[in-house]
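Asker: Below, each chain spelled out in residue letters.
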Amino acid sequence: MVSSDAPLSLDLRQVVKRYEPDAPNAVDGIDLAVGHGEIFGLLGPNGAGKTTTIGIATTRVRPTSGTVMVTGVDVCAHPSVAKRHIGVVTQFNTLDRACTVEENLYFHGRFFGMSRRSAHSRAAALLERFGIGERGRTMVSALSGGLARRTQLACALMHDPDVLFLDEPTTGLDPQSRMALWDSVRGLQESEGMSVVLTTHYIEEADALCDRVAIMNAGSILVCDTPDQIKHDFGDGVLVTLRLRQANDRLAAQLRDTDGVLAVDPDDDVIRVHVSAADGIVPQVVALAGPDLRDLAVAEPSLETAFIALTGRALAP
Amino acid sequence: MTAASVRRPSDRYGLYLRAFWGLMLRDARVLAREFIPFLLRTIMNPLLFTFVFTYVFPKIGAGITPGGNAQVSFATVIAPGLVAVAIFFQGIAAVALPLATELGGTREIEDRVMAPLPVSVVALEKVIWSSLQSIIAAAAVLPLVLLVSAEPVSITVASWPMLIVTVLLAALVAGYLGLVIGTVVKPKQIGLIFSLVVVPVTFLGCTYYPWAQLSHIPWLQVLTLFNPLVYVSEGLRIALTPGIPHMPVAAVLSALTALLVALGALGTRLFITRVID
Chain R
1 MVSSDAPLSL DLRQVVKRYE PDAPNAVDGI DLAVGHGEIF GLLGPNGAGK TTTIGIATTR
61 VRPTSGTVMV TGVDVCAHPS VAKRHIGVVT QFNTLDRACT VEENLYFHGR FFGMSRRSAH
121 SRAAALLERF GIGERGRTMV SALSGGLARR TQLACALMHD PDVLFLDEPT TGLDPQSRMA
181 LWDSVRGLQE SEGMSVVLTT HYIEEADALC DRVAIMNAGS ILVCDTPDQI KHDFGDGVLV
241 TLRLRQANDR LAAQLRDTDG VLAVDPDDDV IRVHVSAADG IVPQVVALAG PDLRDLAVAE
301 PSLETAFIAL TGRALAP
Chain U
1001 MTAASVRRPS DRYGLYLRAF WGLMLRDARV LAREFIPFLL RTIMNPLLFT FVFTYVFPKI
1061 GAGITPGGNA QVSFATVIAP GLVAVAIFFQ GIAAVALPLA TELGGTREIE DRVMAPLPVS
1121 VVALEKVIWS SLQSIIAAAA VLPLVLLVSA EPVSITVASW PMLIVTVLLA ALVAGYLGLV
1181 IGTVVKPKQI GLIFSLVVVP VTFLGCTYYP WAQLSHIPWL QVLTLFNPLV YVSEGLRIAL
1241 TPGIPHMPVA AVLSALTALL VALGALGTRL FITRVID
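Going line by line, the protein sequences match chains R and U.
So in my numbering, spot 269 of the first sequence is number 269, and the numbers just go up one at a time.
So in my numbering, spot 30 of the second sequence is number 1030, and the numbers just go up one at a time.
Worth flagging that the hints you see were computed from the coordinates, not collected in a lab.
Nothing here was measured: the structure is a model prediction, and the numbers come from that model.
Heads up, the beta-carbon is just placed ideally off N, CA and C, and yes, glycines get one too.
One or more hints might be untrue.
[What the hints assert, rightly or not] Taking CB as the label site, the calculated pair distances span:
hint: 1; chain 1: U; residue 1: 1012; chain 2: R; residue 2: 6; range: 44 to 52 Å
hint: 2; chain 1: U; residue 1: 1143; chain 2: R; residue 2: 134; range: 43 to 51 Å
hint: 3; chain 1: R; residue 1: 31; chain 2: U; residue 2: 1188; range: 36 to 44 Å
hint: 4; chain 1: R; residue 1: 253; chain 2: U; residue 2: 1192; range: 25 to 33 Å
hint: 5; chain 1: R; residue 1: 128; chain 2: U; residue 2: 1200; range: 33 to 41 Å
hint: 6; chain 1: R; residue 1: 296; chain 2: U; residue 2: 1192; range: 55 to 63 Å
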């Protein structure tokens, strides 16, 4: 995936961000290399440092230390130059409310030095491409969440960036809009060879969309590889989710002491148990839960089980 | 696509300039959409003020003779002051009101912060744009006073350079003051700040009386020296109504320049801190 002639799309070395002098590091010395044309995912729970990492890569957060390069441009030393290579879709709708959909794209193009005519024609082409051609004159405040996200994406692409950063691109979207956005991102990779760096806390998004994934927790990258490799290396167990009649701390403790149980994550009346794939362990867990057990789910190896194996707790709520 | 043509810049400042121009175009579009409300907001206060004090009062025999000087109409005294208020109020509002929302609630400043030019220049553009609005406001208010007043208004441009320099400095100072307010104040409190800061500044800005006449109230005369608007009013008096007592040129220009430097540095720093963590 990483081609040798082009500079890395994103190259972070020993990047640290501490917001307050005595606060823990929000990003704690991470290294990250994203190759040309790659779809790269930062997967982790809220507060893992994903958004800060994207902020650092896109000039909006100044790192406390470390070096940050985007397509070979030092982001800290030359932010204005770096910004020409970067397209950003923020987590929240940050479109210009005082302007229409088309104007958001048009003026974005003008900021990047496009002529009147080319800004209008590219805006029209992008709106058409994302199926919002007929919404050009709509004020952005009147857009639904899905349409606003598509507008943001179209806007970020106006200046034909080399690297596209998407911060939680599908959070708050309905399943249909999420699929549409995945298709758009894949399309950008295939047709334009664009590099895409996205953050997500959705396991399936990282799994289905990303060529490589970095699992983040508490400001650190725990593992960085293809989803299949991560599953192979760390997800070689089974995730058993026990739904109980009531919270049961004693059962959680018992489970922790059971052979073959890798991790236990109690959350009110639900206990997630990560067990090795060996025969007979699931029945043993069920037997321990006894009559308290209301429901049971068994999941195959996934990024979720990998995450639990790595952190000892579940990613999804 | 077309964007590829700007991919390799030979001239960085040329690109900054084009980005700057793009920001101005965006602001122009937004203003054009709201030009009538903008104009009404600008002229309503001076229109009513002029109407009551220079039309109604003289007609009903309640005229004000400033400093017992019957030679000078009250309209002549307040004309520069009203222009000063228009510049100042417009300059502050044009930056602070949208900025508070753009930074606070919606964060919609983001796309402009990501434009390929230094963030400080994004702030500068806001100030330059508000200055243009200030100048439009000034140009709208002055003829209004001349038109409405029932008394003779004796205004002549005694010094074009002084007029231009004062208006420009005043507009920039107001814009940077708006930048400071817009970055510091939360969107919900912006109305409160306007009544707590902008209104007192307006009334105590030597707009309706020349600074020299405050010698009757020495403590107030000293206190008003901390009000930036005083220097704008006095500067415009020098340029438009030199017959009325006013501050020395050097005092006005050095005060406005010092304010511009101080507020410019402070506003820019605050803006950068707000948009970059």
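Asker: What hints, given by number in increasing order, does this structure fail?
Answerer: 1, 4, 5
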